[in-house]
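Undergrad: Residues per chain are reported as follows:
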Amino acid sequence: MLSNLLPIDITLAVVSFWLLLALAGLLLQGNGHLIARLIFPAGAVGALVLAVTALLALGSVPNTAILPLGLPDLPFHLRLDPLSAFFLLILGAATFGISLYSAGYFRTMSGATLGLLCFEYHLFLAAMALVILADDAYMFMVAWETMAISSYFLVTTDHKIPEIRSAGFIYLLIAHVGAIAILMCFGVMQGGHGDYTFATMRGHELSPFWASAAFLLALFGFGAKAGMLPLHVWLPEAHPAAPSPVSAMMSGVMLKTAIYGILRVTFDLLHACQWWWGILALTLGLATALYGVLFAAVQSDMKRLLAYSSIENIGIIMAGIGLAILYHANHQEQVAALALVATLYHALNHSFFKSLLFLSTGSVLHATGERNLGKLGGLIHRMPWVALLALVGVLAISGLPPLNGFVSEWLLLQAFLLAPAMPHQLYLSMLLPLGAAALALGGALAGYAMVKFYGVIFLGQPREEKLSKAHDAGPMERAGMIWLASGCVILGLAPVYFILQIDNITMMLVGRDLGSSAASTGWLWLTPVAPERASYSPLILFFILLSGFIFTFLVARKLYHGKVRRGPAWDCGFPAQTPRMQDSAEGFGQPIRQIFEQFFGIVREVPSPFDAKPHYHGETRDQIWDLIYRPVARLAEWASTLIGKLQHGRISLYLLYSFVTLLALLAFVR
Amino acid sequence: MNMQSQLIDLFAALLLLISFGMLAQRRVLSLINLFALQGLVLSISTMVVAWSSNQHHLYYSAGITLLLKVFFLPWLLHRLIRKLDIKWDVETLINIPTTMLIGIAMVVFAFNLALPISQLSATITKSTLGIALATVLLSFMMMITRRKAVPQVIGFLAMENGLFFAATSATYGMPMVVELGIALDVLVGSFIFGIFFFHIRETFDSLDIKHMEKLKED
Amino acid sequence: MNASTLLLQLTQNMLVVLAAPLLLGWVNNCRAWMQGRSAAGIFQPYRNLAKLFNKDAVLANNASLLFRYTPYILFVSMWLAAAMVPVIAVGLPLSTVVDVIALVGVFALARVFIALAAMDIGTSFGTLGARREMLVGFLAEPALMMVFFTAAAISHSTSLTTIVGVLAHKEFVLHPSLAFAAIAFLMVLLAENARIPVDNPSTHLELTMIHEAMILEYSARHLALIEWASAVKLFAYVTIGIALFLPWGIAGAGNWSALPLALVLLSIKLAAAGFGLALLESVSAKLRIFRAPEFLGTAFLLAVLGILTHFLRGSVV
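Residue numbers (our numbering), protein chains in the order written: chain A, 53 to 722; chain B, 290 to 507; chain C, 2 to 318.
These aren't lab readings, by the way, just hints derived from the structure by calculation. For clarity, every value in this text was computed on a predicted model and none was experimentally measured. Beta carbons are placed, not taken as given, at the ideal position from N, Cα and C, and that holds for glycine. Take every hint as true, because none was put in to throw you off.
Computed from the model, here is a short list of chain C residues facing chain A with C-beta under 7 Å:
#1 Val59
#2 Phe76
#3 Ala116
#4 Glu142
Build the full structure now, drawing on both the sequences and the hints.
TA: This is the structure we're talking about:
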């Protein structure tokens, strides 16, 4: 029986396992220690099984299943094809690391909260898996809503703090606005046939107007969940409010389900037919990327910095999707495949390094109790493991060779550059180099923000006394982070293998793959188009760097004649070196604030010379709140006041309403 | 592609570069020198066009450009500046990086606008129409984003340079009469500007244009 | 790839790392002559390095392993960057490993590590240098990328060896886009190598330091490696400029017989470039630190303009 076990059966088994674990956590509410030591590692094992199955399923035929649940004439349809397998891989691989980490992180939490947290966490995992597996609109929406609600409860774990409650509220609000849009999109796509399965939607040809309507609704709805401009405002509030493993899960995996949604709807169901969709997605994506990274560079809270960095990476992924749509609509399938590979690879990379970084901030928070960058510093001495693993994450996210962030950025830049000339549309040919310039600018700024992040937290002198008591991460936490860090390294050093797997997806979506050219000169070299045009070999690069390092080290040892001794810092002879003399987070971000002043809404309170107690307050606000959300809120309030006039408590008028309706129905409906 | 059209393309690129340079420039003296350099590049490129297409009247145009825009007008402006005693920094309404970003957008716009005309034209300089249009737009932008009066005048003169280059690239120059008429207009205009500067300075004690807003009726 | 090209690659590796301080010495000499001072001799950097290697290294009490290993990482990445530029021959095996985008990435790797090392000790000067270096870097890196893109768009490849091959062996064509790219590249070279007008390589005043501020805490062999790495970086940038904009005379792949001529031409070009650099440094004044983003922003926009011009001409002609 085991031999004809399909991959989809294994994934469903893992999902049910997670649901069982959720219930177990609820039942074991009194025993926090047992939950942390037993249930979370079990969930991690399930995630690993899921990841392996998904990796194997990438290369096999799509298989479907129908569950005996759901509506009477619309049971739950499930489908495991290469696209869903890839996102299940992301889910499983990232969750393995995060669950292992949580096993150690939550061991000091009280039993009751931990039981609830465990329930919501595993429910969240199961819901995400079901979103990815769903093959009809009803199942998709059920799983999507479950995902939103369980993550809301996860975000408001510390619900006694008012800021966390309001962050959760905003998150839930925007998630639901997005869900309504997605529902409408499905409604448009079923095209009046009444059959909500994806299989019929796939075969159905919509008119250009309705197809565009569906695309815009999908972009809005999934973009709200992914954190695209201007619907990104919930991300910097919700991610810091949640406990760190939950932030890692949300940033690393949940945002990718939205990307999965966009890819599924645009490429699979709508066949990506119009080129202006691509331009829209491309510009929106690049704007989001630049906006996110600019704000990341000026933050003072370490988790908000990472949240804005997530916005940036989602922008990059969206830009890649836009590029793929553009090429596909112009029938340049080979370059469309390249853009798709770059986008999917970046999604995979981001889940690894962003989860790693959020988990490291979790360790820092756990050890010091501080989230504010102004109260951290010098932690590399007290927390060497966390510092080392965070360094891997920082190098990866800045897109530095030979780690994984660079591979996806390289592929995306190649997709911009090696594009053939667009027929008849000069604006497009000029837009592409501008897009590449914007991408390069975003990458450089990301490096700036990440150097600030790492330098202010881990390097330098400690800015507070209590930091000397910080402790390093425990064994389980280290295990989780090591898994994610090694993922970053492996994805960076051996990209060809993974790209050959991703080819199954591009084959399915645009009909071409990179495999024939990507590995043409052997598995060591990545040559997406042809060896003379572009070639990159991360493993050889790493080998050269390592051997050069060792060679230089040994030769320097032979050449030098002195010893090493320790002394106080030189600093050009200044005697007093207090920790307050090094750059604060605001100080490090000051050049960006000054250059890009128009984009930030800067609120400053400056003391006058006559203040008895001088007080300085500076705040960098997101102007989109004032430009978009405040007017919308005011409009909603005005509209509801208007409608509220209908409610005045008089019974005779209410009876009059029913009477008038009855008369109207009798008169007009035959 | 032969040597002459390559040379003309190179000069066009230099012209664009100088317009950007003027946009990014902070000091009045360098602005005037850049303007003189622009005139020089313009006259040399007109001479190359004249030589390669055997249109002899373009030699005269190049000569007039040389006399007026490389020698006379810069000398006039230098004298003006010395008399008005204004050698300070140029202040801008929006900061320079933003100005340059808008400049790039203008360049893309101008290139796209010029494309259908370039494809129809039969002259040797057809690919440079986009650059000429871009120069005009950039100089106009320079006029808008400056606070003092002298850089605005230089922007006006640079715009005329751009128009001249556009004329050469689309249709091998304008009829001689039109050419001389425009040259005279520019000359007279500069004199009048000079006189006005002194008046403005006497009335407001400064050449900052925001003072002129006081002239409106409340 | 065969034994001959491998040997050529190794020769080039040795050449760049040993000749880099010579270029630096030449530039300093020219500067001294132009400014009316007596020069220290073109071998002075070698003497400096030897002196530094002989000293005791003093590390701050709170220096971490990152601080100690950064000089080596810096040196190796700069050596790699210089080694992959085709200075004497094209078709070297290293160009299949690293292309122009990866080259920009390697420079970024070095920059991130030195900035982190500067922040490690936690002094005001170190963090000041790190902040300013990242400020210069965040505009210089995209500008450099765009310059490479212009060259890549003309030669339809991002492999530096193919780019040089195409540009060197085409008939002499004046590309306006390359003119823009050349000026942008020059500005990036000045910024990234801590030259006037962006940074003064021989200053120790707080108002004016960028690069020097980051390496204040280093001494002895660590400082020697960092200084050597800076010299190799300058060499790399100058040779990239020569390869992109003055590529004539570089030997074809595996062509040993054209090598002596290539070496002679290279020396002449390097000497001219060093002289030009010294001239530029002597006639310019150093910019205020907040004019530096404008300077680099101009470079970035010029590079973008270069690539736009390329597309304009490509569609009209």
